[in-house]
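Engineer: Once you've looked at the hints, dock chain B against the given chain A.
Heads up: the protein sequence lines correspond to chains A and B, in order. Per the numbering used here, residue 1 is the first one in the first sequence, and the count goes up by one each step. Per the numbering used here, residue 1 is the first one in the second sequence, and the count goes up by one each step.
Just so you know, these hints were derived from the structure itself, not from any lab.
Using 30 Å as the maximum straight-line C-alpha spacing, the simulated DSS-like pairs for lysine-lysine come out as follows: (1) A:K451 <-> A:K267; (2) A:K267 <-> B:K304; (3) B:K304 <-> A:K451.
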Amino acid sequence: MTGPTLIILVLGLALIGWLSARMRAVAFRRGSTRRFSSQPVHHGWFVALWTLAPPLLFLAIWSVTSPALVTDTVVAHPAAMQLPPPGFDRASILSEARSLAQGRSHGAFHPLAATLAPVYAAAQTRFDWIASGIALLLAFAGGAYTFTRVRPGFAARTQVERVVMLLLLGASLIAILTTMGIVASLLWEAARFFHTVPVWEFLFGTHWSPQVISATDPGASLGAVPLFWGTFFIGAVIAMIVAIPFGLMSAIYLTQYARAATRRWIKPTLEMLAGVPTVVYGYFAALTVAPAVRRLGVALGIADASSESALAAGLVMGIMIIPFVSSMADDSLSAVPSAMRDGSLAMGATSSETIRKVLVPAALPGVVGGVLLAISRAIGETMIVVMAASGVATLTANPFASTTTVTKQIVDLLTGEAEFDSPKTLAAFALGLTLFVITLLLNIVALTVVKRYREAYE
Amino acid sequence: MIAPIVPTGTAGPVVHRPTDWTTMASRRHTRRRYAAERRFRLMGLAAVWLSVGFLAFLIGTMLWQGASGFVETRIALPIDVRVDVAPDRLTGRGADLALAGAGLEGEVDAAATAAYGPDGPDLLSDGAWLRVRDAVKHDPTLLQRHVVIAVPAAADIDVAEKGRGTSTAEAQVARLNAAGVVSRGLNLGFLTDADSTDSTRVGIWGAFKGSLLTLIVTLALAFPIGVFAALYLEEYAPRNRWTDLIEVSINNLAAVPSIIFGLLGLAVFLGTFHLPRSAPLVGGLTLALMTMPVIVIAGRNAIKAVPPSIRDAALAVGASPVQVVFHHVLPLALPGILTGTIIGMARALGETAPLLMIGMRAFIAAPPDRITDPATVLPVQIFLWSDEVNRGFVEKTSAAIIVLLVFLLAMNGLAIYLRNRFETRW
Numbered sequence: 001m002t003g004p005t006l007i008i009l010v011l012g013l014a015l016i017g018w019l020s021a022r023m024r025a026v027a028f029r030r031g032s033t034r035r036f037s038s039q040p041v042h043h044g045w046f047v048a049l050w051t052l053a054p055p056l057l058f059l060a061i062w063s064v065t066s067p068a069l070v071t072d073t074v075v076a077h078p079a080a081m082q083l084p085p086p087g088f089d090r091a092s093i094l095s096e097a098r099s100l101a102q103g104r105s106h107g108a109f110h111p112l113a114a115t116l117a118p119v120y121a122a123a124q125t126r127f128d129w130i131a132s133g134i135a136l137l138l139a140f141a142g143g144a145y146t147f148t149r150v151r152p153g154f155a156a157r158t159q160v161e162r163v164v165m166l167l168l169l170g171a172s173l174i175a176i177l178t179t180m181g182i183v184a185s186l187l188w189e190a191a192r193f194f195h196t197v198p199v200w201e202f203l204f205g206t207h208w209s210p211q212v213i214s215a216t217d218p219g220a221s222l223g224a225v226p227l228f229w230g231t232f233f234i235g236a237v238i239a240m241i242v243a244i245p246f247g248l249m250s251a252i253y254l255t256q257y258a259r260a261a262t263r264r265w266i267k268p269t270l271e272m273l274a275g276v277p278t279v280v281y282g283y284f285a286a287l288t289v290a291p292a293v294r295r296l297g298v299a300l301g302i303a304d305a306s307s308e309s310a311l312a313a314g315l316v317m318g319i320m321i322i323p324f325v326s327s328m329a330d331d332s333l334s335a336v337p338s339a340m341r342d343g344s345l346a347m348g349a350t351s352s353e354t355i356r357k358v359l360v361p362a363a364l365p366g367v368v369g370g371v372l373l374a375i376s377r378a379i380g381e382t383m384i385v386v387m388a389a390s391g392v393a394t395l396t397a398n399p400f401a402s403t404t405t406v407t408k409q410i411v412d413l414l415t416g417e418a419e420f421d422s423p424k425t426l427a428a429f430a431l432g433l434t435l436f437v438i439t440l441l442l443n444i445v446a447l448t449v450v451k452r453y454r455e456a457y458e
Numbered sequence: 001m002i003a004p005i006v007p008t009g010t011a012g013p014v015v016h017r018p019t020d021w022t023t024m025a026s027r028r029h030t031r032r033r034y035a036a037e038r039r040f041r042l043m044g045l046a047a048v049w050l051s052v053g054f055l056a057f058l059i060g061t062m063l064w065q066g067a068s069g070f071v072e073t074r075i076a077l078p079i080d081v082r083v084d085v086a087p088d089r090l091t092g093r094g095a096d097l098a099l100a101g102a103g104l105e106g107e108v109d110a111a112a113t114a115a116y117g118p119d120g121p122d123l124l125s126d127g128a129w130l131r132v133r134d135a136v137k138h139d140p141t142l143l144q145r146h147v148v149i150a151v152p153a154a155a156d157i158d159v160a161e162k163g164r165g166t167s168t169a170e171a172q173v174a175r176l177n178a179a180g181v182v183s184r185g186l187n188l189g190f191l192t193d194a195d196s197t198d199s200t201r202v203g204i205w206g207a208f209k210g211s212l213l214t215l216i217v218t219l220a221l222a223f224p225i226g227v228f229a230a231l232y233l234e235e236y237a238p239r240n241r242w243t244d245l246i247e248v249s250i251n252n253l254a255a256v257p258s259i260i261f262g263l264l265g266l267a268v269f270l271g272t273f274h275l276p277r278s279a280p281l282v283g284g285l286t287l288a289l290m291t292m293p294v295i296v297i298a299g300r301n302a303i304k305a306v307p308p309s310i311r312d313a314a315l316a317v318g319a320s321p322v323q324v325v326f327h328h329v330l331p332l333a334l335p336g337i338l339t340g341t342i343i344g345m346a347r348a349l350g351e352t353a354p355l356l357m358i359g360m361r362a363f364i365a366a367p368p369d370r371i372t373d374p375a376t377v378l379p380v381q382i383f384l385w386s387d388e389v390n391r392g393f394v395e396k397t398s399a400a401i402i403v404l405l406v407f408l409l410a411m412n413g414l415a416i417y418l419r420n421r422f423e424t425r426w
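So that you can see chain A by itself, here it is in the shape it has in the complex (with noise of 0.2 Å):
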């Protein structure tokens, strides 16, 4: 029996479970006077959970282990003499027969996986139905003795709600899970990549050529600091002074003078900004800004203006992030208390003093903290850089040049035909978590910096 029908069939039970108890539930409500504690639907929940539980946990568990029992019976099989001993031959013909069992492919290499191949289906076929049986039987079980629970005082609801705060819970946990997850194996990966580079070269070396790595030192061409200034100065310079401008000045605009009606148009269309694709952008900076940048720094006579210019990707990085930047603004000058700005006008400032000398310097710290939060982001960024910037990490600070940043550099390592294990694949891990650690601090000292003031005026 197939995975889907079992799934169907068990299905099925809980669905006559859940029926069946309802209406055993409705029956003895019927005629009766008394208060119940349960509804007749949440016995049918409890008896259909009862049915589904057991089998699907036994499944789950089942479908860890009983590749290993298939495999002991195949090997315990006579035609299975022949085999190698352990090692890397058994294990392809024992994949290979496996393969070739399940349908997955249609001939053989090893002519032993061929002969091992119907072997293989039988015991499969044959664990196939005792699973099968087992789950059917517990699902049978669960419903039945469940069944008879349903009476007028059982407490069906405590039970179905328990459940479903668990759920509930385990759902929450989720989240940790994955916080957990990122960490555990950009941790584990970096390690094995810092037990061969050690860390200081990696941080502090300013030699990048991933192309060609000693065996004897790969360290000496895995110095990240010209990755983290590429980084650096595309995300928090040349993106930063477009986007700040722009969304500090949008952002005063739309609070301070624009109508009511005005605003309810723009906002949203600001936002389009923030809702277009990154790869677009990367078109974007590639088609068309990279080679007008480049055009720019001819004819201002550098005569190494690269079309891969860190000024590209940083210009398109930046109106990416002037939606970012603008409700950051937003969001702490419209926080700022009111008798402040009206104070001031009322001593007779204009609007643009009372906006210059009052609002902004109150609203400096969210508009501070916005803008590092926009900054970890623009940091974080892989496809505008992937598609406009460079793979040649220079240490430079002409912005006519080609730079390289850490998410390019991940993209292009994991990128290659390297395997799992060498020393390019696992540098990527340790990239990322570079870029993971800098992005968390930046987060948490804006969000701190966001609080602290936003507490300041409440």
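Structural biologist: For chain B alone, coordinates are given in the frame of chain A:
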């Protein structure tokens, strides 16, 4: 924060004299201040319009470059389709195979050579004979007649006809135009085909199907988990260290760069669980982890907006806490949750970087049928085409971007509609 300035010390009596605003100096000063005010206001307006202008320029560029991607250049091909196929085999499933087996492709090449000289076959797209095949299937009487069929032109002819080609191709186009055999038509294949190495035969259907399967997996996982987590945190969670930990992780996950999720997917789903590379299943799992925090945060805001009086009323008539939430709070919060979910899904639809990490960058010529088949998604397809050297791919990339933007706009429009239509202000 801002300390009031309290006058200290014992200065002498302050003499109040009214300011004389009529002096020249005063007037000049006022004028300067008003000019500064106007300048500042203009700067704000300029910032807004320039930002909107960037958006307009971006979309305009894509439309201008991509519109021609939906159009194909056709060349009229006079042909005597003389293939030996029994008429009864021209219907049903075997027809494609029968016509291909009868050497239709060679016939088309021969006709092209006869009509346009020895380089005739090079003028036509590799898929030209498929157009003839479909025409024959549609109307089997073509087999007995001499007909002229408009077939798609080769990539460089197509590009040259649209005015961006090489000089040799331009010359060929001029020659063809003089003969009056060039026409244009809607490129329907772009919407129904999958990836190809020939830019005249590419389509986005494969990538679209991959996106659809990926988003189904994402939605199936992220929506229930996100809603349940939001309900738990907002309605039941006790105030303790564990709850704080959950909240902190959710808020941090929402700010983690998307590429980190890709690394997680690579290490856990591919490295540990050995799920198939490049499959919508893995893409959906990875994007679900990314979308879940967005749904939780939107869901919590929607749940918070439901007034406590509703809960109190339900509790007062004897509902249990679970009944209060599932019968009253959740239905009222659902429009807000759905709006947040759609916005999260729109973001997942446009996401590229994490999918590159889990191997979704292979050349996939067949649309996926199951969530474990190798697939590509729309944004990754755009990325792959943008890397192609062939000029024919430029307009296809922009055309694919137009399709992606249309979907995003539709999703965001739906979210705004839902919010306006169903959201209750209490």
